[in-house]
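Taking the hints into account, I'd like the entire structure generated from these sequences.
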Amino acid sequence: MVHAPTLTPTTEESGPQPVRRARLRRRRGEELTKVLFVAPAALAMLALFGYPVVKNLLMSVQDYTLRTFFTGQAPWVGLRNYTTVVKDHLFSQAMVNTALFTIGSIAFQFGIGLALALFFRRRFPLGGVLRSLLLLPWLLPLIVSSATWRSILEQDSGILNRTLMGLGIVNDPVPWLNSPSVALIAVIGVNIWIGIPFNVTLLYSGLAEIPVELYEAGQLDGATGWRGFRYITWPNLRAVASVLLVLGVVYTIKVLDIILGLTGGGPANATQTLATQSYQRSFVDFKFGQGAALSNILIAISLAFAILYLRTTRRAVDE
Amino acid sequence: MSDSVARRAVYTAIGVLILAMMLFPVYWMVNASLQPSGNTLTAGFLPLDPTFAGYRRALSEQGHNLVTSVIIATGTVVLCLLISAPCAYALSQFRSRWVSIGLLAILVSQMIPGIVIANALYTAYEKIGLLNSIPGLILANCSSGIPFAILILRSFMLSLPASLVEAARVDGAGLVRAFVAIVLPISKNSLITAGLFTFLFSWSDFLFALTLTTKGGVRPVTLGIYQYLGTQVQNWNAVMATAVLSAIPAIVLLIAAQKYIAAGALGGAVK
Numbered sequence: 020m021v022h023a024p025t026l027t028p029t030t031e032e033s034g035p036q037p038v039r040r041a042r043l044r045r046r047r048g049e050e051l052t053k054v055l056f057v058a059p060a061a062l063a064m065l066a067l068f069g070y071p072v073v074k075n076l077l078m079s080v081q082d083y084t085l086r087t088f089f090t091g092q093a094p095w096v097g098l099r100n101y102t103t104v105v106k107d108h109l110f111s112q113a114m115v116n117t118a119l120f121t122i123g124s125i126a127f128q129f130g131i132g133l134a135l136a137l138f139f140r141r142r143f144p145l146g147g148v149l150r151s152l153l154l155l156p157w158l159l160p161l162i163v164s165s166a167t168w169r170s171i172l173e174q175d176s177g178i179l180n181r182t183l184m185g186l187g188i189v190n191d192p193v194p195w196l197n198s199p200s201v202a203l204i205a206v207i208g209v210n211i212w213i214g215i216p217f218n219v220t221l222l223y224s225g226l227a228e229i230p231v232e233l234y235e236a237g238q239l240d241g242a243t244g245w246r247g248f249r250y251i252t253w254p255n256l257r258a259v260a261s262v263l264l265v266l267g268v269v270y271t272i273k274v275l276d277i278i279l280g281l282t283g284g285g286p287a288n289a290t291q292t293l294a295t296q297s298y299q300r301s302f303v304d305f306k307f308g309q310g311a312a313l314s315n316i317l318i319a320i321s322l323a324f325a326i327l328y329l330r331t332t333r334r335a336v337d338e
Numbered sequence: 657m658s659d660s661v662a663r664r665a666v667y668t669a670i671g672v673l674i675l676a677m678m679l680f681p682v683y684w685m686v687n688a689s690l691q692p693s694g695n696t697l698t699a700g701f702l703p704l705d706p707t708f709a710g711y712r713r714a715l716s717e718q719g720h721n722l723v724t725s726v727i728i729a730t731g732t733v734v735l736c737l738l739i740s741a742p743c744a745y746a747l748s749q750f751r752s753r754w755v756s757i758g759l760l761a762i763l764v765s766q767m768i769p770g771i772v773i774a775n776a777l778y779t780a781y782e783k784i785g786l787l788n789s790i791p792g793l794i795l796a797n798c799s800s801g802i803p804f805a806i807l808i809l810r811s812f813m814l815s816l817p818a819s820l821v822e823a824a825r826v827d828g829a830g831l832v833r834a835f836v837a838i839v840l841p842i843s844k845n846s847l848i849t850a851g852l853f854t855f856l857f858s859w860s861d862f863l864f865a866l867t868l869t870t871k872g873g874v875r876p877v878t879l880g881i882y883q884y885l886g887t888q889v890q891n892w893n894a895v896m897a898t899a900v901l902s903a904i905p906a907i908v909l910l911i912a913a914q915k916y917i918a919a920g921a922l923g924g925a926v927k
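If you're matching them up, the sequences are chains A and B in order.
What the first sequence shows, in the numbering used here, is residues 20 to 338, in sequence order.
What the second sequence shows, in the numbering used here, is residues 657 to 927, in sequence order.
Among the hints, erroneous ones may be present.
As the list claims (entries may be wrong) - Cut-off 30 angstroms, straight-line C-alpha distance, at most; resulting in silico cross-link-like pairs (DSBU-like, lysine-lysine):
#, chain 1, residue 1, chain 2, residue 2
1, A, Lys74, B, Lys783
2, B, Lys871, A, Lys74
3, B, Lys783, B, Lys871
4, A, Lys106, A, Lys74
5, B, Lys844, A, Lys53
These aren't lab readings, by the way, just hints derived from the structure by calculation.
The structure is reproduced here in C-alpha cells:
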C-alpha cells in the first residue's frame, strides 16, 4: 500500500529536509521495485490469457478465415458464426459426446481413485513407493499414452483382443477404435486410465488430513468399516472431493490430445467433442471465426463450473 | 490397531498387483519397442529376442525432433522461472489487495482451453512471424508453466519467516538483493520442483506444436509421434521406441521430484 509519509509527519520523519527527501525517494524506489517484481508475470498473463480470450470473442463475430491473412479483411458478421456451428448436424452429436466423455471419465476416475486411495491408506511395506509409482501414467505425455493404447487396442494384432480371444471372452476381434459404437467407450477408457493417478493422489492427501482421533472416537461408537466411511471418512472428504470433481470437469471438457491421437474424432465422428470440433474448424478448415465461436461455447460451460469451483473452495476454506 | 505381519504382506501383494495392472501399458510400450519384427501380431509378452532396430530407426528419424523438444522445454523452464519467481515472492510476502486479484486471475486462467490460446496466438504469430519458430513455442508453453510455477513457488515462499529478509534489509540490502541473495537460495528445492514440472509440461505439449507449426522445420517429438501414427503404424517398434524415449523425462521427474519434495518437507520440519 502506498503511504505518503510527508502528509502525516511523525516526530521520527520530520527531520531536516534533505533526509526526508532521501527517505521519500527510497520509499518511492521501493514501490517501483515491488511493481517490477510482478510486472513480467502480469504482462505474460495478459499476453497468454487476456489477449486470447478477447481475440476469440472478436474473431467469433467476424468472418475470419484463411483469406483474412492475405487481404487483412475480416468483416463483422454478428452472431452468424454461432448460428452456423450450432445448426451444424455435428453440433448435437459433439455436445452429447462431450457430456458422455466428461461424465464417464470423471465418474470412473473418481470411483476407482477413491477405492485405491482408501486401500493405500493402510500401512504396509512398500505402500509409499507403490503409490508414487502409480503416478507414472499421469506424467507421461498424452500423445505417448495415445500411441501406446493405439497399439494395445489395434483390432487384429493388439494385445487386448489377443488376450480376450485367448481367454475365450470374445470370439471375434473387437474393433475398439474402428467402430462408431465402441470407439467412444474405448477413448473414455483410456482417459480414465490417465486420470486415476491424479484422483488417487488428491484423495489420498485428503484422507491423510482426517484426524486419527475421529476414528478412535468412532470405534467406541461402533463406527467401523462401512459405517466409519459413511459417518467419518466421507463427510471429512467432501470438500476435497467436490473441488476434485469440478477441477475434473474443467480439465476433461477441453481434452484434445487423447482424442486426436487415438481416433482423430472418427470413425464417422463418433468421438467428436466440442474441443475437437473447434480444432477442426480453425486448423483444418481454417474458419477461425467458427472455431472461436465453438471454443467460446466451451469457455462458457467451463466458466459455469469455474464459478461452482470458486464457490466450493470458498466454502471449503470457510468450514 | 496393529495389523499382523501376514495381513500386511497380503496388502503389499495386492498393491503390487494394482500397480502391475495400472502400469501394464507402460510395460507394453517398452516390450513392443524391443520386438524384432515391428509387428505386434507376433509380439510375445516378454522381449525374449530383443533388438534395438526400433531405437536406431527412432533416433535417426526423430533424433532431430528430440533435440528440438529439449531446447523448447529448457527454454520454457528458464523463461517461466525468471518470470514466476519474483511474482510468487510478491504474492507471498507483499501486503496488497492486488494479491487476491492476482490469485483469482491465475485460478480463472486454468479454465481457458488451450485451443483458445492456440487460435489467438496463430493469428498473432502469423503477423509477427513467430509461426514455426522455437521462441514462438516457448512463449506458448509458458501459458501452462507460469501459473503453475507461481502457485508452487508461492506456497513454498509463504512459509519463509519474514525475519530472514528483514535481517538483510537492516544490513542495507535492497529488495532485489535480498530476494536474489536470500530468498532464491532458500527456495532452491521448490524452484527445482517447479522447473521439473514446467519442463515436463512443455516436453509433453502437443496442441501448440500441432497448431503453431505449419511446415517441417521446427517439429517437437510429440508431433513426430503423431505423424508416425498417421503414416507408420506398420512399424510399431519404431513408434514405441520413440514413445519410450519421450517418456524418459516423466520417469526422471517421478524419481527426482520425489527426492526434492521430500527434502523440502524434511528441511521445513527440521527448522
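Going through the hints against the structure:
For a cut-off of 30 angstroms, the pair hint linking Lys74(A) to Lys783(B) stands: about 14 angstroms separates their Cα positions. The hinted pair formed by Lys871(B) and Lys74(A) meets the criterion: a straight-line CA distance of about 25 angstroms does not exceed 30 angstroms. About 17 angstroms separates the Cα atoms of Lys783(B) and Lys871(B), which keeps this hinted pair within 30 angstroms; it holds. Straight-line distance between C-alpha atoms of Lys106(A) and Lys74(A) comes to about 23 angstroms, which keeps the hinted pair within the 30 angstroms bound.
Simply put, Lys844(B) and Lys53(A) have alpha-carbon atoms about 22 angstroms apart, close enough for the 30 angstroms limit, and the pair holds.
Violated hints for the displayed structure: none, as all numbered hints are satisfied.
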